[in-house]
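There are 2 protein chains.
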Amino acid sequence: MSRWATVLAGGSGTRFWPLSTPDSPKQFLPLSGERPLLEEAVSRLSELIPPERILIVTGAPLVERTRALLPGVPKDNVLGEPRAASTAPALTWATSVAQQRDPDASLVSLHADWHVGDAAAFCRTAEHALEVAERHDVLVTVGIVPSRPETGYGYIEPGEQLDGDARRVRRFVEKPDADRAAQLIAGGALWNSGLFAWTAARFFAETEELAPEIAPHLSKLASGAVSDFFGSVTPIAVDVSHFERSEHVAVVPGAFAWDDVGTWAALARVRATDEAGNVIVGEAFAHDAHGCILWADDGPVVVDGVRDLVVVRAKGVTLVTTRERAAGLKALLETLPQSLLERPS
Amino acid sequence: MSRWATVLAGGSGTRFWPLSTPDSPKQFLPLSGERPLLEEAVSRLSELIPPERILIVTGAPLVERTRALLPGVPKDNVLGEPRAASTAPALTWATSVAQQRDPDASLVSLHADWHVGDAAAFCRTAEHALEVAERHDVLVTVGIVPSRPETGYGYIEPGEQLDGDARRVRRFVEKPDADRAAQLIAGGALWNSGLFAWTAARFFAETEELAPEIAPHLSKLASGAVSDFFGSVTPIAVDVSHFERSEHVAVVPGAFAWDDVGTWAALARVRATDEAGNVIVGEAFAHDAHGCILWADDGPVVVDGVRDLVVVRAKGVTLVTTRERAAGLKALLETLPQSLLERPS
Numbered sequence: 011m012s013r014w015a016t017v018l019a020g021g022s023g024t025r026f027w028p029l030s031t032p033d034s035p036k037q038f039l040p041l042s043g044e045r046p047l048l049e050e051a052v053s054r055l056s057e058l059i060p061p062e063r064i065l066i067v068t069g070a071p072l073v074e075r076t077r078a079l080l081p082g083v084p085k086d087n088v089l090g091e092p093r094a095a096s097t098a099p100a101l102t103w104a105t106s107v108a109q110q111r112d113p114d115a116s117l118v119s120l121h122a123d124w125h126v127g128d129a130a131a132f133c134r135t136a137e138h139a140l141e142v143a144e145r146h147d148v149l150v151t152v153g154i155v156p157s158r159p160e161t162g163y164g165y166i167e168p169g170e171q172l173d174g175d176a177r178r179v180r181r182f183v184e185k186p187d188a189d190r191a192a193q194l195i196a197g198g199a200l201w202n203s204g205l206f207a208w209t210a211a212r213f214f215a216e217t218e219e220l221a222p223e224i225a226p227h228l229s230k231l232a233s234g235a236v237s238d239f240f241g242s243v244t245p246i247a248v249d250v251s252h253f254e255r256s257e258h259v260a261v262v263p264g265a266f267a268w269d270d271v272g273t274w275a276a277l278a279r280v281r282a283t284d285e286a287g288n289v290i291v292g293e294a295f296a297h298d299a300h301g302c303i304l305w306a307d308d309g310p311v312v313v314d315g316v317r318d319l320v321v322v323r324a325k326g327v328t329l330v331t332t333r334e335r336a337a338g339l340k341a342l343l344e345t346l347p348q349s350l351l352e353r354p355s
Numbered sequence: 011m012s013r014w015a016t017v018l019a020g021g022s023g024t025r026f027w028p029l030s031t032p033d034s035p036k037q038f039l040p041l042s043g044e045r046p047l048l049e050e051a052v053s054r055l056s057e058l059i060p061p062e063r064i065l066i067v068t069g070a071p072l073v074e075r076t077r078a079l080l081p082g083v084p085k086d087n088v089l090g091e092p093r094a095a096s097t098a099p100a101l102t103w104a105t106s107v108a109q110q111r112d113p114d115a116s117l118v119s120l121h122a123d124w125h126v127g128d129a130a131a132f133c134r135t136a137e138h139a140l141e142v143a144e145r146h147d148v149l150v151t152v153g154i155v156p157s158r159p160e161t162g163y164g165y166i167e168p169g170e171q172l173d174g175d176a177r178r179v180r181r182f183v184e185k186p187d188a189d190r191a192a193q194l195i196a197g198g199a200l201w202n203s204g205l206f207a208w209t210a211a212r213f214f215a216e217t218e219e220l221a222p223e224i225a226p227h228l229s230k231l232a233s234g235a236v237s238d239f240f241g242s243v244t245p246i247a248v249d250v251s252h253f254e255r256s257e258h259v260a261v262v263p264g265a266f267a268w269d270d271v272g273t274w275a276a277l278a279r280v281r282a283t284d285e286a287g288n289v290i291v292g293e294a295f296a297h298d299a300h301g302c303i304l305w306a307d308d309g310p311v312v313v314d315g316v317r318d319l320v321v322v323r324a325k326g327v328t329l330v331t332t333r334e335r336a337a338g339l340k341a342l343l344e345t346l347p348q349s350l351l352e353r354p355s
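So the protein lines, in turn, are chains A and B. Counting in this note's numbering, the final residue of the first sequence is number 355, and the numbers go up one at a time with none missing. Counting in this note's numbering, the final residue of the second sequence is number 355, and the numbers go up one at a time with none missing.
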């Protein structure tokens, strides 16, 4: 049995507008450090899985850009989805590719656009998840030990012990409110990060039994008709199609700093701040300003006497909003003229 | 006797940074409408004074740019100060030039960087000020009827009647606090705008008698040694050197919208606003934003969920501050690296 990794690298490019665009979504941006998130994700994995066994699933239009960013990963390992259909079809495809090349494959899967504070701890946890998946023939989800009562994440309530710190799952809880999140954390719940592990054999057994959105179309993948497969499946998250429906599930804890870098405001968690809590990227100057996120790609940015703002100059556009509202950027973009969103960058 | 106008068009270019720069101070910018303030000032005067008798005093480095902006004004009428020395030396020079060409000249003087709401009312008032100056042989200041208890302006308390609505001056009051400003307005005080009128003869009589900062150096102007004159005088405002010291002073009221466009925040008074009180110049978009000043010269500006901000993108720089703090821009600029202020525009 050999171990593979699948990196999900889709994305519509709205959350970090104007820096991110459909042509250049989050994973191509150096949001948490000097390198694009996707490059960091593959680099982080390389201690655990050699690049020949790392698969990247991205949108078809981004395949060439992804291959160019990752010269160490074989071209055939970059899979371009003909349409975005959430995580279950993407992971089904990747698991199928791994199994075709390696019938006994096991896989760890993750997202390209995460910030991880400790690469070694991440690899130890991913390896542990693979071991549990292989030894107990279960789908494994890594539950991150929460650092705050985040309302934007799903939570996992662990159940009875399976093996060491691996436990059954009592329940998945989708995005709770802040009070409920605090209760969940007090009761030992973990964040459902999307870091998963399984053997290809168990994954397809569960797919056949529990995922009618996908199972009838598996033969299309086997015959290489990928477009037909994506055209036929019902889009669904693997959390729903597999983890919430299966009896063969376990959770292992992940005790490393983890962030899905979901909004501009997240940069205050994943990057260094100045003594006034400002994040400054590029030629930006904060005078009597507190808690601001400043991103200056395209000429200097100067802020004065303001608090908790997000100020971005990138791709020829200036955005000023609040940290709190940065999570609603997609709704803002819907109010803007299309010409503004499609301008050449 | 013929009538002349002097337009003071100096300025250091700090108040509307990054749009304004030492190379392109306020009067060259279309702050209140489509045309540069200086062009509007000369155009406004043209109903009253022909361009051959309009003098412009500016800094020596700005002479060519000023001539290019005002092709209708004779080149010799654009006077370049060898150094900035406040208003009294500049007006002394301009009055001297007018008198040399026209010994019986009378002059109206104004600043290039004003917004005036009603050009016809402005011209009627300026003409009235000239009539009073000529008929009563006095230095005349136009007092603007206040529209708010502004603390950034000086006030004039009118005294006894001189002729019609022309009155003697009881007192000049420098920048009062808000309570005092409200008291002054209740008592009939007017804003000291800097719109003046005098005959050259009366101006020089007062200069000789009351302005030792300037009087000993007048012979230098007479002999054409302008640099010597500016190198010898003590910088002083004409309000202090002449108006506050002279017995031969009158005030006439000016009942038109007037603003010295002193800060970014002033644009909310002199330009149209949207229904949420935002001023939008260029390709700017305000979403759930109130009372903002948005200036987009250089790519779109999008603001979301903010209030009373000034957001400017111009000359390759982005500035975000508050309306309230925009008056302190000069102090902010002193905190920034010199390289940022001297970048090519």
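Because the hints were derived from the structure by calculation, they are not lab data. Values in this document were obtained by computation on a predicted structure and should not be read as measured data. All residues carry an ideal CB built from backbone N, CA and C; glycine is no exception. There's no promise every hint is true.
Claimed, not checked - Per label pair, the in silico range of CB-to-CB distance: (1) A:Gly43 <-> B:Arg317: 44 to 54 Å; (2) A:Gly43 <-> B:Gly326: 38 to 48 Å; (3) B:Ser237 <-> A:Pro40: 22 to 32 Å; (4) A:Asp187 <-> B:Gly326: 16 to 26 Å; (5) B:Thr283 <-> A:Ser53: 46 to 56 Å; (6) A:Ser53 <-> B:Ala341: 27 to 37 Å; (7) B:Ser22 <-> A:Gly292: 27 to 37 Å.
As the list claims (entries may be wrong) - Below, in silico cross-link-like pairs of lysine to aspartate or glutamate (EDC-like), each with a Cα-Cα straight-line distance of 16 Å or less: (8) A:Lys185 <-> A:Glu167; (9) B:Lys325 <-> B:Glu62; (10) A:Lys185 <-> A:Glu170; (11) B:Lys340 <-> A:Asp298; (12) A:Lys85 <-> A:Asp33; (13) B:Lys325 <-> A:Glu293; (14) B:Lys85 <-> B:Glu57; (15) A:Lys85 <-> A:Glu57; (16) B:Lys85 <-> B:Asp33; (17) A:Lys185 <-> A:Glu223; (18) A:Lys325 <-> B:Glu344; (19) B:Lys185 <-> B:Glu254; (20) B:Lys185 <-> B:Asp112; (21) B:Lys325 <-> A:Asp307; (22) A:Lys325 <-> B:Glu254; (23) A:Lys230 <-> A:Asp249; (24) A:Lys325 <-> A:Glu49; (25) A:Lys340 <-> B:Asp298.
Going through the hints against the structure:
In this structure the supplied range 44 to 54 Å is violated for Gly43 (chain A) paired with Arg317 (chain B), their Cβ-Cβ distance being about 34 Å. Checked against the hint of 38 to 48 Å, the pair Gly43 (chain A) and Gly326 (chain B) fails, with Cβ atoms roughly 26 Å apart. One distance hint, 22 to 32 Å for the beta-carbon pair Ser237 (chain B) and Pro40 (chain A), is violated here, with the actual separation near 55 Å. Remark: the range hint 16 to 26 Å for Asp187 (chain A) to Gly326 (chain B) is contradicted by a beta-carbon distance near 44 Å.
One distance hint, 46 to 56 Å for the beta-carbon pair Thr283 (chain B) and Ser53 (chain A), holds here, with the actual separation near 51 Å. Under the hint 27 to 37 Å, the C-beta atoms of Ser53 (chain A) and Ala341 (chain B), about 45 Å apart, miss the expected range. Restraint check, Ser22 (chain B) to Gly292 (chain A): a C-beta distance of roughly 28 Å satisfies the suggested window 27 to 37 Å. A hinted pair counts as satisfied when its Cα atoms are at most 16 Å apart, and Lys185 (chain A) with Glu167 (chain A) qualifies at roughly 13 Å.
Distance check on the hinted pair: Lys325 (chain B) and Glu62 (chain B) sit about 34 Å apart at the alpha-carbon level, beyond 16 Å; violated. For the proposed pair Lys185 (chain A) and Glu170 (chain A), the alpha carbon gap of about 23 Å is over 16 Å, so the pair is violated. Annotation: proposed proximity of Lys340 (chain B) to Asp298 (chain A) holds, straight-line Cα distance about 15 Å (limit 16 Å). Using a Cα cut-off of 16 Å, the hinted pair Lys85 (chain A) and Asp33 (chain A) is violated, with the two alpha carbons roughly 19 Å apart.
Under the criterion of a C-alpha separation no larger than 16 Å, the hint pairing Lys325 (chain B) with Glu293 (chain A) is consistent with the structure, at around 15 Å. Taking the CA atoms of Lys85 (chain B) and Glu57 (chain B), the gap is near 20 Å; set against the 16 Å cutoff, the hint is violated. In summary, the hint linking Lys85 (chain A) to Glu57 (chain A) is not supported, as the alpha carbons are separated by about 20 Å, beyond the 16 Å threshold. A threshold of 16 Å between alpha carbons decides the hint, and for Lys85 (chain B) with Asp33 (chain B) the separation of about 20 Å lies outside it, so the pair is violated.
In summary, the hint linking Lys185 (chain A) to Glu223 (chain A) is not supported, as the alpha carbons are separated by about 24 Å, beyond the 16 Å threshold. A C-alpha spacing of about 29 Å is found between Lys325 (chain A) and Glu344 (chain B), which places the hinted pair above 16 Å, so the restraint is violated. Restraint check for Lys185 (chain B) and Glu254 (chain B): the C-alpha separation of about 15 Å stays at or below 16 Å, so the hint holds. For the given pair, Lys185 (chain B) sits about 37 Å from Asp112 (chain B) by alpha-carbon distance, which is inconsistent with the 16 Å threshold.
Straight-line distance between C-alpha atoms of Lys325 (chain B) and Asp307 (chain A) comes to about 15 Å, which keeps the hinted pair within the 16 Å bound. Among the hinted pairs, Lys325 (chain A) with Glu254 (chain B) is inconsistent with the structure: their alpha-carbon atoms are about 55 Å apart, more than 16 Å. Proposed proximity of Lys230 (chain A) and Asp249 (chain A) is contradicted: the alpha carbons are some 23 Å apart, above 16 Å. The straight-line distance between the Cα atoms of Lys325 (chain A) and Glu49 (chain A) is roughly 21 Å, outside the 16 Å bound, and the hint therefore fails.
As the CA atoms of Lys340 (chain A) and Asp298 (chain B) are separated by approximately 14 Å, the hinted pair is consistent with the 16 Å bound.
Against the hints set out earlier in the document, violations occur for numbers 1, 2, 3, 4, 6, 9, 10, 12, 14, 15, 16, 17, 18, 20, 22, 23, 24.
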